[in-house]
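Engineer: Numbering (this note's numbering), first residue to last: 13 to 987.
Since the hints were derived computationally from the structure, they do not count as laboratory data. It is possible that some hints are incorrect.
What the hints assert, rightly or not - Each pair of labels, with its calculated beta carbon distance range:
id: 1; residue 1: Asp237; residue 2: Arg691; range: 13 to 23 Å
id: 2; residue 1: Ala638; residue 2: Arg456; range: 49 to 59 Å
id: 3; residue 1: Asp454; residue 2: Met508; range: 26 to 36 Å
id: 4; residue 1: Glu245; residue 2: Thr474; range: 49 to 59 Å
id: 5; residue 1: Thr16; residue 2: Gly102; range: 44 to 54 Å
id: 6; residue 1: Glu194; residue 2: Asp473; range: 56 to 66 Å
id: 7; residue 1: Gly28; residue 2: Thr474; range: 41 to 51 Å
We treat Cβ as the ideally placed atom computed from N, Cα and C, and that holds for glycine.
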Amino acid sequence: MRATSSVIVGRVAETGLLSSALDAASRGSGRAVLFVGEAGIGKSRLAGECAYRAYERGMPVLRGRATSTGLVVPFRPLIEALSSRFRAAGTPTDPELDPYRPALARLVPEWRQGAAPGYPETVVELAEALLRLLSVLGQEHGCVILLEDLHDSDTETIAVVEYVVDNVADLPVLLLGTLRPEPGAALDLVRSAEQRQVATVRELAPLGDADVREMTASCLEAAPDEVPRATHERLAGRAGGNPYLVEVLLADLLDSGQLRRTGDRWEEHVNPDASVPTGVVRSWSRRLDRFDEPVRELLLCAATLGSRFSVTVLQIVTGFDDRTLFSHLRSAVEANIIAPDGADPDRYTFRHALTAEALVASLAPAERAATARRAALQLAGVENRLGDEQRQLMAALQLAGGDRHGAARQFAGVGRRMLAAGASGSAVTLLERARALAHESDLRGITESLAVAHAEAGELDTALALTAELPPVPPRSDAAEQRGEAHIRIAWAAVMAERVAEAAGQIRTARSMLGTAVRPELAAALDVVEGHLALLPGGAGDGRQERAQEAARRAAAVAEKRSLPVVACQAWQLLALLARERGFDEADACLERMLAVSEQHALPVWRVEALVRLGANTFMRTGDPARLETARTAAQSLGALVPTQTVDGLLAMNAVLRGEWDGAHAIIERSVAASARVRNLGAHRYLLLASAALAAHRGRRRDLDRAMVRFRRAGGEESLLVPLQLGLCRAFAALLEEDGEGALEALDASLAWEREHPSFFYLSGRYGLRPLLRIIGGRGGLGGRAELNAILASPGADLAWNQLFLRLAEGVLQGRAGEADLAVRTVGAAFDEAAAFPLARHLGLRLVAGAALAEGWGEPVGWLRASEEYFYGAGVQPVAAACRAALRQAGASVGQHRGGWDRIPAPLRTSGVTPREYEVFVLLAERPGNQQIARRLSISPRTVEKHMASLLNKTGRVDRASLCEFSAECAAERD
């Protein structure tokens, strides 16, 4: 008889919690639930119950488990979870997942065929892709992902789980995780999630006395009062409320005949002189003795391999042929000791992790070590056929058999391969394990690899501490070269983290190790790191750009000659950035070379990087986003979320400049939240900047202020984007409010910032809008001609956006010089050639018209009419009103817009509010004074007073404050 309970006992609160979480997920409100408890406490039973209830609701279930053998396999539970679903239901084909398939190919083998190789997606990118996949699977009824034994998971899996926990709230997904309360990354995640209130954590307590009785009765298919008193006391006393131990001890009583059914009741027959098991180990030892010797040997070997074991590996270790092997496995399955692993056809699993531990513990220490040595020796015979997981198993067996140094070498080898594959967190785990076991002769090399792994995992301080502990090596030796290469890699990690002093120190150490006769390959790698370091604030003092360029050119030359394509791409990328200061032609030539190298050597990541930068340059020079779209397609095909989001930021800003408001908003919305989740801070800030620019260019002050708050909270005001914030957002917002002085103040502040923080941004207004405003205002000396000529000679003058304002400035100077016809042609050409930028060209026309009208040249009336029509249609009333006022000043007729009623909300329209009154009403949300309203709408304060009185009467508001509140409410509804 099998001593297993058919019902879950003593977990009413937990099952209620699961039902509530499943209901919420089916409604689109995600939950993360984490069960913590000792081995055998019932975590897996609750996970199984959750799966059963989810199936009843028609919810897809993905179930995976970490390995308990100590093997480090990146993303093992996630791969198993997805496989458990897709083997039965097939892989999803939703187009929404297309951008994420390349990243998910790491978890879904079916998506690896035909995927572009080589993109080293970050753990966060992979986590975002998984989140999108779960959202798609749950879009009808919700879905469940069950991840068991997280305490045994690799660091990469824990990072993904943390990301999902943090972002699951608004998705139709339930994440259920189980783990033991063992110190480690998983338990740290649980405590952090509980503290941040992003997960529900339940610690499973032992069963009470009554629950143990009920569970025993369920196992015996009897009523609780039918359980013999002695049996209950024995189980309650020895099991400690642990359900698994209750079942194991009860099974021993049944198997030994000490508990048996007599007639219609259960009786316990205990022989006082009999050897009664005092614990689980003795219980399992007795059960093993009842098997034939070959089955016993197979179970002990299997237990030595872990609670989940590969049939292939077990056959290598035991030497059984197929028929014998599977016959013995069937015997163990029938005895309810092991079961086929549903997630992997090559694997079996012990019914509980404690079972394998108890079987191994039943052996004498010498026999245990001998069994492990035999297994390790068998695996060593086929070592060339083993994967990294099997090599870790061999190392664990070597360690159990007493060969610490051999185990260290195996762990180190696997750790280094994982580091090369980008799994730096798992590499750290394995290399630390190797370092603790290594022979003195291996210790130096393992420590160097471990330091690099820590650096590339973002733990730079730990890496630096490890390098400080390393013993000295002879300069210019093979050991020095290996040490120098480690310092170069750590220096690069320090540069990426903008740790200037640490990066410089690692470079100095590497150079002292390598000496002057350094191999060209290492010299090139050093030059690239040093070049990038020179561009960081405080990186190299005066002349840093010259030194960076010299280093990059050396690196490019060596890399091209020695066929080092990655170093070559790094060097050409750096050269392109530096060349922007001299002009876009040279920069593009560097990028084209980078593109050619990446395509020649099949480096998809660097190809995307080249396309993104070429697309950005083309967009700035011409305003055409076509090449950026090509770059986005290439990034998307790789599943490269970070580059895709970077391109989206550029495309969003391009759409803003082109006046494509809806398109800009759609691009921002599709990437701004995801870029924050994956911590792609550069792209996130740029998308927030584009959002602020969108509000500014539409004349929406309240939206701009909110966008600026988000930009500031993301650290935007401490970034290199400050000049764009001032020049593209603040200055334009001021101009659309007819505040020319405020716009010039913002542009002057932008220029001052750039002088203190040299950058390569050319859209800040320094090379276009600012010269135009200064010339119109009569600033700059000698009419502004010298200042304009200096700007025209700079690379920034090549940008189509800037050319519009510079040509208009040229037209103003020509008009003032008495060359009226030439000025008209210049202004007309500037207007026609800037068709891609409708708002900018009409704003420029309005600015030039004011100067022409005041100074008596050009065609200001025609220019004002064109601008007034555009801004009225765009809903930018301050500029439209200023154009109408200027037309009246010029003595020109000003036609009334009979339209505009459609912009007025129905309640106001039925109250009789006119379009001109509505223009005043809209501005009241910002609570301006009458003088401010008059300036912005180019009407008199007296006219404002009349409109205010009429609005109070028509809306029924008692005073100005309540009218302003009403305006703000209407603005919120419009938003």
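Engineer: Hint by hint, say whether it matches the structure.
Structural biologist: Tested hints:
1. Asp237 / Arg691: 13 to 23 Å: Since the Cβ atoms of Asp237 and Arg691 sit about 59 Å apart, the hinted range of 13 to 23 Å is violated.
2. Ala638 / Arg456: 49 to 59 Å: Taking Cβ atoms as reference, Ala638 and Arg456 lie about 54 Å apart, which means the hint holds.
3. Asp454 / Met508: 26 to 36 Å: Holds: the Cβ-Cβ distance is about 29 Å, inside 26 to 36 Å.
4. Glu245 / Thr474: 49 to 59 Å: Taking Cβ atoms as reference, Glu245 and Thr474 lie about 52 Å apart, which means the hint holds.
5. Thr16 / Gly102: 44 to 54 Å: violated, 33 Å
6. Glu194 / Asp473: 56 to 66 Å: Roughly 25 Å apart at Cβ, these two residues miss the hinted range, so it is violated.
7. Gly28 / Thr474: 41 to 51 Å: holds, 44 Å
The structure shown violates the earlier hints numbered 1, 5, 6.
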